[in-house]
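Trainee: Use these hints to put chain B onto chain A, whose structure you have.
Listed below, chain by chain, are the residues.
Protein chains: 2
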Amino acid sequence: MPPQALVLFSGGQDSTTCLAQALADYPGQVEAVGFNYGQLHHIELDQAAFLAQKAGVPFHVVDLRFLSAITSNALMDASIKIESLPGQLPSTFVEGRNVFFLSTAAVIAKQKGIRFLYTGVCETDYSGYPDCRENFIRSIEHTLSLAMDYPFTVVTPLMRLTKAETVVFMQKLGKLDWYAHTHTCYKGMRPACGQCPACVLRLKGFREAGIADPLAYMG
Amino acid sequence: MPPQALVLFSGGQDSTTCLAQALADYPGQVEAVGFNYGQLHHIELDQAAFLAQKAGVPFHVVDLRFLSAITSNALMDASIKIESLPGQLPSTFVEGRNVFFLSTAAVIAKQKGIRFLYTGVCETDYSGYPDCRENFIRSIEHTLSLAMDYPFTVVTPLMRLTKAETVVFMQKLGKLDWYAHTHTCYKGMRPACGQCPACVLRLKGFREAGIADPLAYMG
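Here the protein sequences line up with chains A and B, keeping their order.
For the first sequence, the positions run 399 to 617 when our numbering is used.
For the second sequence, the positions run 399 to 617 when our numbering is used.
If we strip away everything but chain A, and leave its shape as in the complex, we get (with noise of 0.2 Å):
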């Protein structure tokens, strides 16, 4: 059967219970594809090809570590030659990243056939990144569809729900277990240190959820 859905995978947890709920929608007809930008732990993207061969999904990679280059201190300088620095961090976040992975992610997606884009963004709690926020996916939605004249939806099961709720969530999908396999320790740990701000409130969620993380922890 042909591909229906693209998943935006990073292995986190957030992406993972995304791709558990495409294949809930479109079983055995979801693609993933992940992106590397630079990220500090290469682990994310390990784990994210982990578990796409566990749920029997092809998965892609992407190198994207151009968007370092377009934060680095070279753009202020006004020098013709802007070069990606392998394993050198972004010097700022990428503002607007969301744009370049949707965009990415449509051009695969058109050329398999599909339609559907899944992504684990989440207004409740986007931190201020406006590229995570309703609006922002209605309006790419758009104009990725006019840019490649193709009707894409970009797909957001996330968008309303809290940490918490997106355990539940998962519980529901019966994919709990997985999460076993996400990453999200800062630190790049494995086990996870249990104590980065990304753990605590990694934690903090399945807490407030009344669930156990299957995730190992250190000591």
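Just so you know, these hints were derived from the structure itself, not from any lab.
Heads up, some of the hints might be wrong.
[Stated by the list, open to error] With a Cα cut of at most 20 Å, we get these calculated EDC-like pairs of lysine to aspartate or glutamate:
no., chain 1, residue 1, chain 2, residue 2
1, B, 508, A, 493
2, A, 570, A, 423
3, B, 510, A, 493
4, A, 510, B, 493
5, A, 508, B, 493
6, B, 602, B, 521
7, B, 602, B, 563
8, B, 452, B, 423
9, A, 508, A, 423
10, A, 508, A, 461
All figures in this text were calculated on a predicted structure; none of them were measured in a lab.
Mentor: Just chain B, lined up with the frame of chain A:
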């Protein structure tokens, strides 16, 4: 004076006309950005750099060769790793590439406090590319403004002009001589071949405008 306008600049006839317009609108407050997306002839970007220097405009080149990777046949294999091969042509034209060009320009522009993005897209001879049409431009302007919470304006001086009208437009801007340094020839030749479809179309525009092309042609 702080920069006000960022021109999407390929070194071709249309974007060179946009550069002249931007400088008329904001003298001394213009920068330009070019994109290396694996185009056939590097001479385009060389000419762009030459013209930018002649115009006294800082010029940045961003490496977007990942675009050729996302249209390669590797994708169809569901392989995990998608690599961009330097020097290799995209196997297919990248649909919606103006999404990537404008989004990249927007990220750079915001960092510099620039609101106005100039692009030479033209609905008149859009040749079936939906991402050259006015409705797309207005939509992505809105999307990028939402994504980065910043009031971008996408300026398209050539949107309604024919090739002949563009030549007349440039004459009025007093920069016809810049056309001697633009690149059009598909064969990458300088002097231009005068025979390929791109050269033929260019020469037709000048003929209809009743203006001599300052570009050097063979024999």
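Trainee: Going through the numbered hints above, which ones does this structure break? Give me the numbers in ascending order.
Mentor: Checked against the structure, no hint fails, so every one of them is satisfied.
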